[in-house]
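Go by the hints and put chain B onto chain A.
Listed here are the chains, written in short residue letters.
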Amino acid sequence: MDFLINQCYKQRYTVTLEVYSHFQMCCKDLNPLHTDEEFARKKGFPEKVMYGNILNTFISHFIGECLPTKDVIIHSQSILFKNPVFMNENLDFEAVVSDISEAVNTIEFKYKFVKPNGKIAAKGLIQIGVIK
Amino acid sequence: MERSQIISWLNEIFEDIIDEGPVSLSEKTVSRDVDGWDSLTNIQLVVAIEKHFNIRFTSEEIPSWKNVGDMIDCIILKKEN
Chain A
1 MDFLINQCYK QRYTVTLEVY SHFQMCCKDL NPLHTDEEFA RKKGFPEKVM YGNILNTFIS
61 HFIGECLPTK DVIIHSQSIL FKNPVFMNEN LDFEAVVSDI SEAVNTIEFK YKFVKPNGKI
121 AAKGLIQIGV IK
Chain B
133 MERSQIISWL NEIFEDIIDE GPVSLSEKTV SRDVDGWDSL TNIQLVVAIE KHFNIRFTSE
193 EIPSWKNVGD MIDCIILKKE N
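So the protein lines, in turn, are chains A and B.
This note's numbering applies: residue 1 is where the first sequence begins, and numbers increase by one.
This note's numbering applies: residue 133 is where the second sequence begins, and numbers increase by one.
Think of the hints as simulated: they come from the structure by calculation, not from any bench.
Errors might be hidden in some of the hints.
Claimed, not checked - Listed next, with one range per pair, are the computed distances between beta-carbon atoms:
#, chain 1, residue 1, chain 2, residue 2, range
1, B, P195, A, P68, 24 to 34 Å
2, B, K183, A, I120, 20 to 30 Å
3, B, S163, A, D71, 23 to 33 Å
4, B, E134, A, Q7, 31 to 41 Å
5, A, N117, B, T190, 42 to 52 Å
Unchecked claim - Under 8 Å between C-beta atoms, here's a sample of chain B residues computed to sit facing chain A:
#, residue
6, K160
7, E182
8, T190
9, S191
As the list claims (entries may be wrong) - Distance condition first, Cα-Cα at most 27 Å in a straight line; then the derived DSSO-like pairs of lysine-lysine:
#, chain 1, residue 1, chain 2, residue 2
10, A, K82, A, K110
11, A, K42, A, K115
12, A, K132, A, K48
13, B, K198, A, K10
14, B, K160, B, K183
15, B, K183, A, K123
16, B, K183, A, K112
17, A, K110, A, K123
18, B, K160, B, K198
19, B, K183, A, K110
20, A, K82, A, K43
21, A, K132, B, K198
22, A, K28, A, K48
23, B, K183, B, K198
24, A, K132, B, K160
25, A, K28, A, K10
26, A, K70, A, K132
27, A, K10, A, K115
Using N, Cα and C, we set each Cβ at its ideal position, and we do this for glycine too.
With the rest of the complex left out, here is chain A:
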């Protein structure tokens, strides 16, 4: 196995206009919180709130592209949204190996996305399988 308990991986992700537009095209969610600046401001946000599930696509990128092996498959992932994310905010993603089961070749990561102001945008757990 290429993983060790407490091993930490870091990436930086940004919800750019391109990411936002492509995600919107896929999900077809045009809720005004995500598409209407005025609506979002009336609800107490400084601007349009980015789709929280864009962060799940970043997790997909992390698992598929940033690990030391490509022999991986996602078994499960959880996400708890703590603070809204806005367009062009840099998010520091950190994933720590929290559990390894060599018996069934699974790795669990505890992860978080941190906003530029230090607040956590989202956090959760990811379990992957290492495919033989």
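Chain B alone, transformed into the frame defined by chain A:
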């Protein structure tokens, strides 16, 4: 550690992971006796059992289990060592 208590915990773990209603395991239960206990679910079961009992199995031990009784033997052995 009582075998009956371990079966009771295993029932709870199986019900939580398999999500197909009540599970009533016995020492002789095998995977085909439990709806939803397939190879993918087995991965989640093993991970959940390891976490619950704070033990680690090896990749050789799991295929050697013929039934739930063998699983319990392995759990007891790990807890005693």
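Given the hint that K10/A pairs with K115/A, test it: the Cα-Cα distance must not exceed 27 Å. 14 Å, holds
Quick one, are K198/B and K10/A close enough, alpha carbons at most 27 Å? Violated, because 42 Å separates the two Cα atoms, which is more than 27 Å.
Taking 27 Å as the top limit, are the C-alpha atoms of K70/A and K132/A close enough? Measuring from Cα to Cα gives roughly 11 Å; hence the hint holds.
Measure nothing beyond the straight line between the CA atoms of K183/B and K123/A; if it is 27 Å or shorter, mark the hint as holding. 21 Å, holds
Hint check: K183/B vs K110/A, CA-CA at most 27 Å. Holds or violated? 15 Å, holds
Can we keep the E182/B interface hint, with Cβ of chain A closer than 8 Å? Holds, about 6 Å.
Pairwise beta carbon distance, N117/A to T190/B, judged against the given window 42 to 52 Å: 46 Å, holds
Taking the least C-beta to C-beta distance, is K160/B closer than 8 Å to chain A? 23 Å, violated
Holds or violated: 23 to 33 Å for the Cβ distance of S163/B and D71/A? 26 Å, holds
Range first: 24 to 34 Å. Now tell me if the beta carbons of P195/B and P68/A are that far apart. 27 Å, holds
Between the alpha carbons of K42/A and K115/A, is the straight-line distance 27 Å or under? 23 Å, holds
Does S191/B meet its interface restraint, that is, does its C-beta lie within less than 8 Å of any C-beta in chain A? With a minimum Cβ separation of about 5 Å from chain A (threshold 8 Å), the hint on S191/B holds.
In this structure, the hints that do not hold are numbers 6, 12, 13, 24, 25, in rising order.
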